[in-house]
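Whenever a hint applies, use it, and build me the whole structure from the sequences.
Number of protein chains: 2
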Amino acid sequence: MSEIRQLVERMGRDGRAAAARLAVATSEEKNRALEAVAVALENNRGKIQAENEKDLAAGRQRGLSGAMLDRLALTDARIDSMIAGVREVVGLADPVGGTFDERVRPNGLNICRMRVPIGVIGIIYESRPNVTVDAGALTLKSGNAVILRGGSEAINSNLALARTMSEAVASSGLPAATVQLVPTTDREAVGEMLVAEKYIDLIIPRGGKTLIRRVVENSTIPVIKHYDGICHVYVDAEADLAMAADIAFNAKVQRPGVCNAMETLLIDSAVAEEFLPSMGGRLSDAGVEIRGCHRTVELLESAKPATEDDWSTEFLELILSVKIVDGLDEAVRHIEQYGSHHTDAIITRNTETAKQFIGRVDSSSVMVNTSTRFSDGAQYGLGAEIGISTDKLHARGPMGLEELTTYKWVVTGQGQVRE
Amino acid sequence: MSEIRQLVERMGRDGRAAAARLAVATSEEKNRALEAVAVALENNRGKIQAENEKDLAAGRQRGLSGAMLDRLALTDARIDSMIAGVREVVGLADPVGGTFDERVRPNGLNICRMRVPIGVIGIIYESRPNVTVDAGALTLKSGNAVILRGGSEAINSNLALARTMSEAVASSGLPAATVQLVPTTDREAVGEMLVAEKYIDLIIPRGGKTLIRRVVENSTIPVIKHYDGICHVYVDAEADLAMAADIAFNAKVQRPGVCNAMETLLIDSAVAEEFLPSMGGRLSDAGVEIRGCHRTVELLESAKPATEDDWSTEFLELILSVKIVDGLDEAVRHIEQYGSHHTDAIITRNTETAKQFIGRVDSSSVMVNTSTRFSDGAQYGLGAEIGISTDKLHARGPMGLEELTTYKWVVTGQGQVRE
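Line by line, the protein sequences give chains A and B.
Take the first sequence: its letters are residues 1 to 419, numbered as in my numbering.
Take the second sequence: its letters are residues 1001 to 1419, numbered as in my numbering.
Heads up, a few of these hints could be off.
[To be verified] Straight-line Cα separation of at most 16 Å, EDC-like style, residue types lysine to aspartate or glutamate; simulated pairs: (1) A:Lys198 with B:Glu1217; (2) B:Lys1198 with A:Asp228; (3) A:Lys198 with B:Asp1228.
In case anyone wonders, no lab produced these hints; they're calculated from the structure.
Here is the structure:
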């Protein structure tokens, strides 16, 4: 057996044992552990920043861009924000232990479902080191053990953060293996995690499409993911056009680099002439490049013709594709063909049209008369978000603490046997 | 592109289009389609049996065992039972369209989750041809399109059944592609189904471990499955021993060939001397072979020594492994090490011990003072069962209609934009 496989199996076994303890931990025990983590992050600030400095130096030497170095840097403000994040999780309701769907069967059996942690969750990410702490806090609060695998450029930072968390959790009386980080940047470790189904119950990949595709293709463990967010706003013939303009502007411009920003604006042909010129002007003034269908280009001089690829591209910047459609059917078909099942909105005053849109658009979030930018765990009132799922199974859309749990059936009898 | 891939893609596209229609079908439309299926099965009885006869003849020629030929045969009684099954599904409540978790956010956004079909479900099975009809009825009622792939030995029967269903559904006004069956026995078709993630949302394999392992290893689509049912009954020191004996007897003997039958009996050492000899006698009288730990063998002359493999074997026949354990901790550890997360029961009068067992045993069903044989969709009141899941994600334990649905977030605003 390779050393890496041995390492991952050992971590898996330790995680499994930790999960067994966490499954019966009280909310008080979990909150005490989280508070210990918050204090430890504060106390180890200097050590963490020294390790982060190693990653930054290596990054500079490898020629990482300024933006990437910025994302990597654990400034005082970022550490403050991580600590505040952990304390916010303390304040969230514990989803574990509640029962639902209770029924008494004719033979007297009492049957219910009980909400329980999933077990051991593997998180594979490329992004900023704060994911280490955010994900660790959410998995702990939901009673799960976590095995983290971060990006190689942040390895020293991530190890320092994970060690700080793990020691703090242990000092509070819960298992050190509640939070583990794979201590090597060897890519073989990811492959071993993805087949460690004896030890890991769920894989959540967070990062670019290439990473996620690799995870999906190689994992024998269930994966919850989203590839991208190609979000649409459809301006219906019966839309309040002033509202539509404000929403479309917000959905594209307020923060274009995130997955719930609008990438394509669909406009009903009945209102295109009235709506598009002023909307286009407002977007252009904000620096938005418009790529339109041929009817859009006719109505809007500033628009370039869109290519076929543009309709299925997550621009993540100030670029917008615009298409004029002949009614709801064409809008729904366009979203089905090019969308990514993330978040799509309709602007309309007609409640029947809205109902049709809600029923027919097969996306994790469907919105009426508001901005796709609200597609977010905190905005939905979930308190915090471990990620967004565009899958159909288990969790769809923003995933909070409850989505990090599953259920078991609990059946209580008085000696019943089956006839 | 291979012909098989083209075939699967075409079926996938047709299934996707059917699913779009089914997602907005009313309960009345779906029930009308199911009633049409019931009538068509009756009207096509002769044709179906003629096709079944071809499979039986081919099976005889290939030397299939009598038991296998019996499983394959579509007798009048079996067709009656399929028809009755379809009509039962008509009577079940439609899970689609309900909303839950509704909340109004401080900014006035109304947010809820709406229960919706999953979409296109692929079912890969080896077993009896009645699965074709049972699975088709349940997926239709829950608003899903289904792509069925049955065993090669039943291909003519399955094609006749699927064609009958598909034509009946079409005659009722819903899409013919609501129910599709892969019309080839080429194994490549399974491989193509497992990567058709653009068209298929969920794969449910039903069959032996080899089939399920192949599906898990090759699927890029989420899979819900169970490998086996190694169910335990733990007789606690504070058990009502008469009740324990009746339950253990029922769990092993009433129907040993099914996944919720007991495979291992765990007995607390404090009551082993009192309990085991009479229990062992009763089981032996019923023809049960006992394979015990060394302490069991000491107390029970009729018991053979169990091998290490016996603890993790799903016997599915009148064989039982028996272990004497020193208390709850050892029982839980044994179940964790050798169990399959299917169904495990404790027999005890001590409610605190029962609570500990419920919390610590990580199985899809955990039972107190009743027989594992109740782990079943109909017994739980789900009305019907598409399968049992020992996975943690989405559905655990018996899966009924609701487990064939997912949700979407529905967000309704009055023009809100994000600050």
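Hint check:
1. A:Lys198 with B:Glu1217: Satisfied, since the Cα-Cα distance of roughly 14 Å is no more than 16 Å.
2. B:Lys1198 with A:Asp228: holds (14 Å)
3. A:Lys198 with B:Asp1228: holds (14 Å)
This entry satisfies every hint, going by the numbered hints stated previously.
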